[in-house]
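Enquirer: Each chain is listed here by its residues.
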Amino acid sequence: MQAETLWLIVLGCGAATFFWRFLGVVVVRRIDANGAIFQWITCVSYAMVAGLIFRMVIMPESELAGVSLVIRIAAVVIAFAAYFLFRRRLVAGVLAGGVSLSAMVLWFG
Amino acid sequence: MRKAMLDALSLPAFILLFTMMGFGSLARGAGFGADMAAIATLFIWGLPGQLAMVELTTTGQGIVAIIFACSLANARFLPMVVSFVPAMSRGRSSLLGRSLDAQLLSINSWAMCLREFPNIDTRFRHRYYITFASCILMAAVMGTLFGYHGAVLLPAAVVLGLIFVSPLFFALVLAAVPGCAQRLSMVLGCATIPVANLLFPSIDLLITGLVGGSLGFAAGKFWKTFDAS
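Going down the list, the sequences are from chains A and Y.
The opening position of the first sequence corresponds to residue 1 in my numbering, with each subsequent residue numbered one higher.
The opening position of the second sequence corresponds to residue 1 in my numbering, with each subsequent residue numbered one higher.
Chain Y on its own, in the form it takes in the complex:
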């Protein structure tokens, strides 16, 4: 679908190209091969987990510890998949088909699709998602390889600007999310993460999700009863 490709190539593909360059060069530093780094992006497809994997390998941890840390860092995919699948409405419904869809999911496609889906006919949503996600995944694998081989040397200030673009993009995309419970959850998530990071650095995102999300959900429920009365 053309809209999906255009949306992907307009910005997210480039953002992933640059962020995954960072991962590629780190993976090289940790002793991984170029093929391993590319496969890691393709199969793990979740940067926080990939970074955990590379960092712990550099510090020489055991395999089980590394895999466990990577898994924890990517645990957000459970709630992300749950909130995403029904939004596609007419997607595949078999377990295998949905697992393949879930494997393609990343924060980029999650945020972008939840933003764009209201403007897209339900019949085309699944196709939009698959096209968009495949485009950015290809860009990410390319970025990993570029970064691994140190393709471009840019001035430090420019590199910083490029790294900054990634969280900025997510923040702007999510600013358009509807629903007061969802918005409240995001605000509460931001409020929780500094404390969670200080107390439990390895599971800070899980705690943030559970605390911020539950409070946001409860407040949203309360709000509705409040409105109705």
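Pulled out of the complex, with its shape left as it was, chain A reads as follows:
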């Protein structure tokens, strides 16, 4: 594709994403932060983000798809175990999960 077209795509995608952000800003001005609508939208955003994460781990489209599901789930369990073991330190959980996934891929993959 030509450079102009690609630039158009990049800027168009930026604007299209900003559209949702801006809509969020407009909506937030019109609703009560303690009201039911706000609580509902908050729940929707949590469900969306959780679904996105779940999809990334369980049904990945990235290179992770080549790693068996058992290894991925085992690494998540290890990460959570380390996280709670080390008094809810994010670094501990993330490190344990990432390293254990790499190790298991080397071992079994």
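Hints may contain errors.
Said to hold, decoys possible - Taking beta-carbon pairs under 10 Å as the criterion, some of the chain Y residues facing chain A (in silico): (1) Ser-10; (2) Ile-63; (3) His-149; (4) Gly-150; (5) Pro-155; (6) Ala-191; (7) Pro-194.
Unchecked claim - Simulated DEER-style distance windows between Cβ atoms: (8) Phe-200(Y) with Val-91(A): 36 to 44 Å; (9) Gly-35(A) with Ala-156(Y): 46 to 54 Å; (10) Glu-4(A) with His-149(Y): 40 to 48 Å; (11) Val-64(Y) with Trp-107(A): 26 to 34 Å; (12) Pro-155(Y) with Val-91(A): 19 to 27 Å; (13) Phe-19(A) with Ser-94(Y): 16 to 24 Å; (14) Met-1(A) with Leu-104(Y): 27 to 35 Å; (15) Trp-107(A) with Ile-203(Y): 37 to 45 Å; (16) Val-26(A) with Ser-214(Y): 18 to 26 Å; (17) Phe-200(Y) with Gly-35(A): 26 to 34 Å; (18) Leu-104(Y) with Ala-3(A): 22 to 30 Å; (19) Val-77(A) with Ser-94(Y): 43 to 51 Å.
In case anyone wonders, no lab produced these hints; they're calculated from the structure.
Note that the Cβ used here is the ideal one computed from N, Cα and C, for glycine as well.
Place chain Y on chain A using the hints.
Expert: Relative to the frame of chain A, chain Y by itself:
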């Protein structure tokens, strides 16, 4: 603010550096220039949309289709902004100021701030957010450029571990979220996404949010009346 920079540099900045390296190399494969890839990270600032953009460009779709797909993949920013802005309490209140704040928002800063805000004085929340978000955005742009130029070649197993770190981080951050309705929504979101992905792959996240979130919200309401009675 120092806490924000430390929190950003301790982990999220590195995670973004690595995940955006993946985007950088994909963008190169699709024919984008290095400047385009960096601007894409800076302006779109939402990986699922960026990936949709690159994938559809590779397969040679039309501009409108690409922009539409990118927009759909990033539609989560609407509810994310709505749930985020009031949490800052004393942030900017003008339309322009809030739009700029919204432009900086990403899953990382959203999740991290909602987790950390209860421990931060309301006066400093906005500053914490801006500092944190700017730090990780810079790391992301750097990562995009590194990935584009193929700066580091790592063994495959290590790369897999690095890719895995990103969802893992979000999962751990969100594990600390309070509120039974919110927690239920997340569980229901996880339950909905496989079905939604199977039936409507292009709008699976929207459906997941609406179904999981609405059920979680309703259950939370029911729970409260149940508790009260």
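Enquirer: Decide, hint by hint, whether the structure agrees.
Expert: Hints, one by one, checked against the model:
1. Ser-10: Cβ of Ser-10(Y) sits 6 Å from chain A, so the hint holds.
2. Ile-63: Since chain A brings a Cβ to about 6 Å from Ile-63(Y), closer than 10 Å, the hint holds.
3. His-149: This hint is violated: His-149(Y) lies away from chain A, its Cβ roughly 18 Å from the closest one there, beyond 10 Å.
4. Gly-150: violated (16 Å)
5. Pro-155: holds (8 Å)
6. Ala-191: This interface hint holds because 9 Å falls under the 10 Å limit.
7. Pro-194: holds (7 Å)
8. Phe-200(Y) with Val-91(A): 36 to 44 Å: holds (37 Å)
9. Gly-35(A) with Ala-156(Y): 46 to 54 Å: Roughly 50 Å apart at Cβ, these two residues keep to the hinted range, so it holds.
10. Glu-4(A) with His-149(Y): 40 to 48 Å: Check failed, 23 Å falls outside 40 to 48 Å.
11. Val-64(Y) with Trp-107(A): 26 to 34 Å: violated (47 Å)
12. Pro-155(Y) with Val-91(A): 19 to 27 Å: holds (22 Å)
13. Phe-19(A) with Ser-94(Y): 16 to 24 Å: holds (19 Å)
14. Met-1(A) with Leu-104(Y): 27 to 35 Å: Because 30 Å falls inside the window, the suggested range holds.
15. Trp-107(A) with Ile-203(Y): 37 to 45 Å: holds (39 Å)
16. Val-26(A) with Ser-214(Y): 18 to 26 Å: For Ser-214(Y) against Val-26(A), whose Cβ atoms are near 22 Å apart, the range 18 to 26 Å holds.
17. Phe-200(Y) with Gly-35(A): 26 to 34 Å: At roughly 30 Å between Cβ atoms, Gly-35(A) and Phe-200(Y) fall inside 26 to 34 Å, so the hint holds.
18. Leu-104(Y) with Ala-3(A): 22 to 30 Å: holds (28 Å)
19. Val-77(A) with Ser-94(Y): 43 to 51 Å: holds (46 Å)
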